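**Q** Chains A and B supply the protein sequences, listed in that same order.
1 is the number of the first residue of the first sequence in the UniProt record's numbering; add one for each residue after it.
1 is the number of the first residue of the second sequence in the UniProt record's numbering; add one for each residue after it.
If you are wondering where the hints come from, they were derived from the structure by calculation, not from laboratory data.
It is possible that part of the hints are untrue.
What the hints assert, rightly or not - Heads up, incomplete: computed chain B residues facing chain A, CB under 7 Å, no partners named:
1. 52
2. 102
3. 104
Keep in mind it's a predicted model, so treat the numbers as computed, not measured.
No residue lacks a Cβ here, since even glycine has one placed at the ideal position from N, Cα and C.
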Amino acid sequence: MEQRRFKATSLVLYGFTGLWSLMVLIPIAYMIMAAFKTKRSMFIDPIGWPDALNWESFERAWGVGVGGFMINSVLVTFLSVVVIVIFSGMAAYALTRMPGRSGQIIYLLIVAGFAIPVQAVLVPVFQIMSGAGFLNSRLALVLPYAAYGIPFTVILFYAFFLDFPRELEEAARLDGCTRFQTFLRVILPLSGPAIASAAIFQSVFIWNEFILALLILTKPAFKTLPVGILELQGEFTSDWPAVMAGLTLATLPLLLIFVLAQKYFVRSLAGLGK
Amino acid sequence: MSTVEISGLVKNFGAFQALKSIDLSIGDGEFVVMVGPSGCGKSTLLRAIAGLEMPDDGMIMVGDRDVTFEEPADRGVAMVFQNYALYPHMTVAGNMGFGLKMAGIAKDAIADAVQRASDILSIGDHLHKQPKALSGGQKQRVAIGRAITRQPKVFLFDEPLSNLDAALRTRMRVELGRLHNELNATMIYVTHDQTEAMTMADRIVVLSSGAIEQVGSPRDLYNRPGNLFVAGFLGSPKMNVLQATLVSATDGELTASVAGLPDITRPLDVTEGRELAVGDKVLLGIRPEALGEGDISFNLKARVVENLGRETLIYGTPENFRSCDGDAEDGDIVVQYPRQYDAAAGQTLTVGMPLDAFYIFDSDGRTRSFAAAH
Ligand SMILES: Nc1ncnc2c1ncn2[C@@H]1O[C@H](COP(=O)(O)OP(=O)(O)OP(=O)(O)O)[C@@H](O)[C@H]1O
Ligand SMILES: [Mg+2]
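Build the full structure now, drawing on both the sequences and the hints.
**A** In structure tokens, the structure reads:
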């Protein structure tokens with residue numbers, strides 16, 4: 001009886017997961033498939049298979065400057081993630097080691113800040129960046145992205161550092177490390193999984209971020225992939241295969257990272273970096 | 001290779017006083033063991049000496065230097081933790097040399113120091129391994145090696161052997177004793193293990209709720225405990241304690257009467273303490289191993305018989321008297337025979353009792369008469 005109920009439950013779960021995966025995968029599969037179609041076949045038969053493996057749309061997409069957008073995206077993502085990891089790591093460590101309850105209180109404030117939706121601060125952020133004269137610069141993305149990413153990453157690191165064995169830090173102090181040296185030489189080297197989780201999670205978010213980038217970047221030279229690809233729509237009003245090819249190119253690096261470091265990505269969501 | 005002088009040391013955690021004005025002098029090259037019930041402040045005291053806890057009051061001197069407010073690394077102390085606390089991302093050699101590296105010592109000199117320490121502890125084969133590839137005993141050796149490499153003036157150990165199995169513990173105990181002789185270093189050692197305390201210590205410090213109860217050589221503490229707490233804490237199984245009433249206190253002699261036993265008369269060994277008067281409630285203590293043969297005998301209904309091979313412990317109810325407090329159940333006593341003894345639970349045995357093996361504690365718990373040596 002128990003056995004059968006267990007089977008029924010897992011059947012439902014598998015069914016649900018399968019259905020969900022299908023829903024997620026179909027658009028991706030279609031994107032890749034459509035990238036290989038010609039403009040003509042896209043019009044005549046939008047959901048049919050491509051006639052042949054046809055790389056021309058990739059060439060057209062690349063011609064618009066996907067390569068440059070990609071470099072911009074890589075730079076912005078990399079810089080933001082570095083800033084996020086460094087600041088969150090140090091902040092979370094300090095918060096967990098503060099005497100008394102002050103650390104906990106600040107931590108709670110940060111958690112509360114995490115609840116503010118990105119869209120709500122869009123306009124003020126734009127105004128600040130514009131006022132500072134940062135529009136159309138990578139800094140104008142790196143700073144807000146870092147600000148968005150730090151609270152969540154602090155939460156992730158906080159849980160990790162809270163459980164970090166104190167004896168190791170004390171041993172380091174006895175060995176002559178200052179606080180900062182302890183952090184650098186003992187804690188950081190042992191925080192690999194937490195850092196990887198945080199970095200990957202933030203990379204995905206920043207790589208895909210669209211609205212803020214759209215507001216701040218108007219010159220093509222600075223555009224990141226999500227806004228850059230929009231250009232394909234403007235220039236080739238009807239060139240859907242090229243848009244799809246551009247999107248495929250944009251998705252590829254992330255997909256690759258995800259496949260390689262899936263473990264850390266799942267951990268960052270499920271186990272807070274452990 | 002240095003003295004340690006602690007005076008008036010106080011440590012508070014919020015409203016809780018973990019150390020209540022500790023005074024302790026530790027001689028050059030001495031091996032001092034701190035014991036006491038869980039939560040009595042042993043680790044706190046050790047960590048205060050190490051500099052990991054800032055005291056609220058008092059002073060700590062290492063040699064002739066006041067280190068009360070110095071950084072841990074500047075005090076000339078090294079600490080070995082219960083759970084080893086080896087850096088998992090460094091090799092054994094890296095672990096052992098880390099302190100010297102942080103002190104800016106040249107690589108060759110570090111390698112030499114590590115080599116020397118690893119020779120002493122015979123861990124030379126493992127120098128390039130990661131800590132996770134070591135057994136518990138090897139890890140503890142590395143942790144001790146890490147302490148040795150720094151050539152500290154004072155070694156601090158916080159229950160270093162309690163994570164090891166019994167056989168390994170015995171071996172490491174002997175080895176630590178050898179190490180102490182070899183290095184001739186001052187060592188302060190916290191343990192729960194009575195055997196470790198009795199065998200390794202030059203002097204034992206008994207702590208209880210943040211205060212020192214008594215300091216002395218192991219045999220001294222065992223034979224002449226200053227109070228009921230120390231008498232009960234050292235020795236396993238615990239001393240049997242009986243309630244009694246003083247019937248005479250004259251001419252340097254105390255006589256106590258216990259229901260069911262003849263009067264016990266012992267010399268008054270300790271004159272300081274509260275005034276003793278006839279009618280006072282006192283406590284009598286007798287160690288389990290003192291029972292067995294003696295002046296009188298009594299009947300004991302055995303409840304539990306533990307045959308440990310070398311000795312036999314019998315927990316049972318005496319026919320005509322009662323104990324209070326102790327390891328056995330309410331009213332029961334423990335008898336320890338230093339040999340195998342054929343007895344079964346439920347059986348009634350005749351047990352001898354020497355009348356001069358009793359300690360007398362006054363109602364403050366202070367020892368006033370010591371048992372005669374046997
Ligand atoms: N950081 C701390 N904050 C608050 N209380 C503490 C702290 N460290 C220790 N204490 C308290 O101080 C008392 C002494 O602790 P300590 O660790 O010194 O005990 P111990 O004698 O080493 O015990 P054990 O034998 O269990 O290791 C305990 O009651 C403990 O709860
Ligand atoms: Mg302790």
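**Q** Now, for every hint given, state plainly whether the structure supports it.
**A** Consistency of the hints with the structure:
no.	hint	verdict
1	52	5 Å, holds
2	102	4 Å, holds
3	104	9 Å, violated
Hint compliance for this structure: hint 3 alone is broken.
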